[in-house]
Amino acid sequence: MQEPESFLPLTPAVFHILLALSDGERHGYGIMQEIAWRTDGQVRMGPGTLYGSIKRMLADGLIEELEARPDSAGDERRRYYHLTNLGQRVVRAEASRLHQLVRVARAKQVLQGDA
Amino acid sequence: MMSSRWLVLCSERLYELLLLAYPTDFRREYRQEMLLTFRDCCWQELQQGGSGRLFHFWGTILPDFMKSVSVEHIQQFKNMFFRTKEYSMVATPFHVQSAQLTDIGLKRAKNEDTMISVLPEDSSVLSQKGALFIVADGLGGHHQGEVASSLAVNTIRDAYYQDQTHDIPTALTQAVRYANAVIYQATQEQGKQDAELLKAAMGTTCVAAVLKDHALYIANVGDSLAYLVHDQQVSQLAVDHALNAVLKRIGVHRADGTLNTAIDLDQLLQSSKEGGSVLAWVEGQVREGKVTKAEALAHVPSNIITRCLGSEAQVDVSLTTQEIQSGDILILCTDGLHTQVSEAEMRAIVERYTPEESTRQLIARANEHGGSDNTTAIVVKID
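Residue numbers (the numbering used here), protein chains in the order written: chain L, 1 to 115; chain S, 1 to 383.
Please keep in mind that the hints were generated in silico from the structure rather than gathered at the bench.
Hints may contain errors.
As the list claims (entries may be wrong) - No farther apart than 27 Å at their CA atoms in a straight line, the calculated lysine-lysine pairs in the DSSO-like style are these:
| # | chain 1 | residue 1 | chain 2 | residue 2 |
| --- | --- | --- | --- | --- |
| 1 | S | K78 | S | K107 |
| 2 | L | K55 | S | K248 |
| 3 | L | K55 | S | K110 |
| 4 | S | K293 | S | K248 |
| 5 | S | K212 | S | K248 |
| 6 | S | K78 | S | K110 |
| 7 | S | K107 | L | K55 |
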């Protein structure tokens with residue numbers, strides 16, 4: 001079984017997509033909306049970056065395409081994705097890695113408001 | 001409202017044109033999704049801020065387009081030239097990692113080997129048809145070898161996955177037979193236009209392995225082979241159709257490769273199922289080289305194969321089925337590897353390294369031992 005640490009550090013796009021899928025399955029546009037909403041519009045991912053990342057994450061086994069569409073899905077043609085067990089462990093490992101870095105930044109008083 | 005619809009429609013058409021810049025495989029897989037997502041984004045921007053927002057949106061789309069098109073082409077370029085990939089296979093009982101690599105070797109002017117590893121991303125296809133690995137070694141002048149091996153690999157892949165039955169061994173054998181017919185037909189067509197091309201008729205060896213559930217199905221023609229490392233033992237799964245191997249199998253040669261003089265050669269060749277192809281070769285040698293049958297059989301060149309895809313309208317495909325267990329390692333390779341690197345060396349390498357590193361080490365070892373031929377290896381670790 002592949003260790004989550006072997007995927008780190010993640011690219012920002014992959015980390016955002018994993019975070020967007022961490023609380024449920026979404027289709028591509030849903031992922032983009034979630035990312036824009038969670039970052040107050042700071043991160044606007046385009047379809048090219050999104051689907052290029054999705055392709056590689058599927059190949060790495062971080063996400064899977066849902067076979068059945070969720071009940072609320074209106075458009076049959078849309079593909080829905082969800083995190084695999086490996087994907088969940090990888091997003092946790094990356095969040096933990098970044099958390100450690102933020103602690104270092106705090107200790108060095110480089111974060112605004114820490115001084 | 002009408003002008004908004006018109007703006008979205010124009011944007012969509014323009015984006016559809018831009019999508020043509022992505023590699024074909026990527027476009028086939030994601031074009032529709034990307035268009036749907038793009039359309040949703042356009043409407044959202046229009047609703048939030050009118051046409052000004054839409055133009056601003058295009059300002060973010062263009063850099064995204066240029067960056068992602070470059071990334072996808074670089075990925076494709078890497079896959080073409082380094083031809084190495086690693087996959088996880090999450091929808092099967094096993095976790096599977098595979099890597100593939102091909103090398104021109106030290107003596108050849110071109111690489112006529114082709115390989116492919118298919119782990120379908122669609123889990124229903126994966127569960128119904130499994131994963132497919134193919135290695136082919138092309139033969140023939142005028143660049144025909146690489147055409148033949150590539151035609152074989154692509155035809156087998158398409159025919160195997162288009163087959164709707166659940167009978168894996170039959171579907172695999174039929175796919176290989178179909179590839180034979182396609183190459184044979186192409187050769188005949190070329191021959192009509194250019195008699196020189198018919199003389200340098202193309203052909204290819206091929207070994208194709210399907211991994212599904214707990215079983216491995218191997219179909220092969222020629223001397224590209226498959227090996228399975230199980231419980232620290234290595235065994236050859238495919239049937240070697242190299243003339244030397246056939247002679248040993250039917251008893252004309254002893255295990256050390258010398259001629260078995262204690263037997264009636266004619267009777268043995270005529271009574272054995274594989275003897276016919278040997279007899280045809282021997283008689284050709286006798287006609288051309290003014291040697292006796294025994295002399296021809298005593299000095300058989302190592303590069304003669306008794307069958308390949310594309311040389312005849314029909315071909316006999318060897319099929320082997322093997323149960324697999326966690327910890328097993330599959331190796332598919334061309335003769336450039338197995339004639340240069342012993343089974344024990346192969347086992348030591350694949351047991352020690354990751355599939356990706358194993359393919360590099362195997363090819364490096366073949367080149368250290370002379371690199372007289374193109375070398376191709378696929379290594380699949382099953383955990």
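So, going through the hints one by one against the coordinates:
no.: 1; hint: S:K78 with S:K107; verdict: holds, 24 Å
no.: 2; hint: L:K55 with S:K248; verdict: violated, 48 Å
no.: 3; hint: L:K55 with S:K110; verdict: violated, 32 Å
no.: 4; hint: S:K293 with S:K248; verdict: holds, 16 Å
no.: 5; hint: S:K212 with S:K248; verdict: violated, 32 Å
no.: 6; hint: S:K78 with S:K110; verdict: holds, 19 Å
no.: 7; hint: S:K107 with L:K55; verdict: violated, 38 Å
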